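**Student:** If you want the building blocks of each chain, they are given just below.
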Amino acid sequence: MLSKRIIACLDVRDGSVVKGVRFEELRSAGDPAALARRYNAEGIDELVILDITATLEARRALADTIRAVARELFIPLAVGGGIRSEDAAAAAIDAGADKVSLNTAALENPALVTSLATRYGSQAVVVAIDAKREDDRFAVYARSGQTPAGRDAVDWAREAESRGAGEILLTSIDRDGTKSGFDCELTAAVSRAVAIPVIASGGAGALDHFVDVFTAGRADAALAASIFHYAETSVRALKTHLRQRGIPVRL
Amino acid sequence: MIALVDYGAGNLTSVKKALAAVGAHAAVPRSPADLADARGIVVPGVGHFGATRALDDWWIEAIVRHIGEGRPLLGICLGMQWLYEGSDEAPDVRGLGLFSGRCYRLPANGVKVPHVGWNDVRISRSAAIVQDVGDAQVYFTHSYAAPVTGDTIATTAHGDRFASIVQRGQIAGVQFHPEKSGDVGLQILRNFVALTG
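So the sequence lines, in the order shown, correspond to chains A and B. Numbering of the first sequence is given in my numbering, commencing with residue 1 and proceeding in unit increments. Numbering of the second sequence is given in my numbering, commencing with residue 252 and proceeding in unit increments.
Isolated chain B, as found in the complex:
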């Protein structure tokens, strides 16, 4: 079972459906204790960084324990941003800090923010999460983004070049919505499911 963490930020139906399409059973845990049975965790989400406040100390402890045991985690959109130290969108809310850096608002350098629509991902190095994925277009909808760091696997340009795919070991994140990105998105989810063994 893959645990889909519900913290009230967005609709889980489409992520669940997309995981089912690649052969994985996803369930929404009712309490942090339920994560003990999960092969992998997906933290989905769209919207405001402040929403991650709902992931309280109990959830954080259970998620950190899960990661500590070498089990995989995938953050999607806001869920990816939460893996960083924090975000300028809600400066008083701490992120999980698994990846270094702070999320920041995309500058409107001749582009519209929010960044909505299909944009290119440029893969800068190989990683399990991008296996069989070439340079492709995927669906984004966000205003804040993570900086490009050593853990960045792929980048996307919109106002600035930001990290669109990140992975270190069993922890991965995607800024776009793989559940809304057609076949390419499904392949990325398949790659994550493969990590969960």
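Chain A extracted, bound-state conformation:
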């Protein structure tokens, strides 16, 4: 049976993991590869490196980060953040990424989804959608949640699929960083609308939040950052909990 995937997200700036790292040794090392190694040993199913770098010079360092992480990890690796062109996607893939995640670029230039899917296959193209509740709908936001894109999340997910996306990485802006649980309604609405896998993100704060998003939320995978960085929850403890609740996981 296909397992539900647990994905860890590393927010990387200037070559260091910057979000929610409380471990002294990791903070001082600032080393994505060290964190990635720990997650791998604990049984993480996949990693996402999210580049939150602002400058062009630092962006070149991203390729080194990808290489360092990919060198010793033999699990899928996705890279996102600021990938706006086919060249940027190619650079990430050449450095060792298996998938690239497009957000604003896909909204502004949906043809990029198709050209990357044609060149690398749909499995290499993730469309990331940041959505916020507005009345009865889920509105899409671009530019790290700053700019309304004027799109409905469910419609945009359908379009992304038809343009060649292989997965949807769906983040609830309302829940992000709140630790109050995933937005299961949002996740289920998108998951029902598309045939491709949906990765839920935003709001993970407790083990049962993952149970909820895999059942009520119909998610295929769940992504979290700080819950793992803090080491409040080990990947293994989470998976053991999920298995006890009858959710198929790789242990």
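The set of hints was computed from the structure by calculation and includes no laboratory data. Just so we're clear, the structure is a prediction, and the values are computed from it rather than from any experiment. All C-beta atoms in this analysis are idealised placements derived from N, C-alpha and C, irrespective of residue type, glycine included. Worth double-checking, as some hints may not be accurate.
[What the hints assert, rightly or not] Label-pair ranges, simulated between beta-carbon atoms:
#	chain 1	residue 1	chain 2	residue 2	range
1	A	Asp135	B	Gly348	57 to 63 Å
2	B	Ala278	A	Gly150	46 to 52 Å
3	A	Glu108	B	Gly361	35 to 41 Å
4	A	Thr114	B	Arg281	26 to 32 Å
5	B	Ser377	A	Ser234	31 to 37 Å
6	B	Ala287	A	Asp152	54 to 60 Å
7	A	Glu185	B	Asp288	54 to 60 Å
8	B	Gly401	A	Ser234	41 to 47 Å
[To be verified] These stretches of chain B come out as covered by chain A in the derived footprint (C-beta under 8 Å, 3 or more residues):
#	stretch
9	267-276
10	296-304
11	360-373
12	378-392
13	433-444
Here the structure of chain A is known, so what remains is to put chain B in place on it, guided by the hints.
**Tutor:** The following block gives chain B in isolation, referenced to the frame of chain A:
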């Protein structure tokens, strides 16, 4: 040297890296003639079956000669599908036909297709390619799959039960990505490298 055949379907870096991790040197041959020096051939790949069109008569002749000399070959994902007679994904493109049967689209029987993620392999008989590999989970990403036949070593269920590992003599194939399947995947690559002597 293990030859990694590049036909433009996917990224070879990760396969090369994984082979290096199990102590094998892999290189990408520039022309079919370069296969003459190879201890083994790996045909990797993801994506559309039509991409195998790039493996033209020259490549096919060199690969068939390599196999004829008893040297091993491993097909990964699309590379495994290419070892069959063909695929419904690109009906006008012929496969190598080393294994009988046609690849077909996985039915969406209450499951999502493409089949993406970690799933079980159930080993139905012993073979060199699965030495020291128990029933395990490995990473898949595909929509088409090979039928279960006499050459099938392991199967996986997703919408249907399909062949996830196949081997006959020195020819083997895996539908999943051993280079992305953690320690289990590395063990399978190690087993293949051992076949190459």
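**Student:** Against each hint, give a clear statement of whether it holds in the structure.
**Tutor:** Against the structure, the hints:
1. A:Asp135 <-> B:Gly348: 57 to 63 Å: holds (58 Å)
2. B:Ala278 <-> A:Gly150: 46 to 52 Å: Holds, at about 50 Å.
3. A:Glu108 <-> B:Gly361: 35 to 41 Å: Taking Cβ atoms as reference, Glu108 of chain A and Gly361 of chain B lie about 36 Å apart, which means the hint holds.
4. A:Thr114 <-> B:Arg281: 26 to 32 Å: For Thr114 of chain A and Arg281 of chain B the Cβ distance comes to about 30 Å; the hint holds.
5. B:Ser377 <-> A:Ser234: 31 to 37 Å: The hint (31 to 37 Å, Cβ to Cβ) holds, given that Ser377 of chain B and Ser234 of chain A are roughly 35 Å apart.
6. B:Ala287 <-> A:Asp152: 54 to 60 Å: Since Ala287 of chain B and Asp152 of chain A have Cβ atoms about 58 Å apart, the given range 54 to 60 Å holds.
7. A:Glu185 <-> B:Asp288: 54 to 60 Å: holds (59 Å)
8. B:Gly401 <-> A:Ser234: 41 to 47 Å: With Cβ atoms ~44 Å apart, the hint holds.
9. 267-276: It holds: at least three residues are needed, and the stretch 267-276 of chain B offers 3 whose Cβ sits within less than 8 Å of chain A.
10. 296-304: Check passed, 3 qualifying residues.
11. 360-373: holds (count 10)
12. 378-392: Coverage by chain A holds for the stretch 378-392 of chain B (3 residues, Cβ < 8 Å).
13. 433-444: Check passed, 4 qualifying residues.
Every hint from the earlier list agrees with this structure, and none is contradicted.
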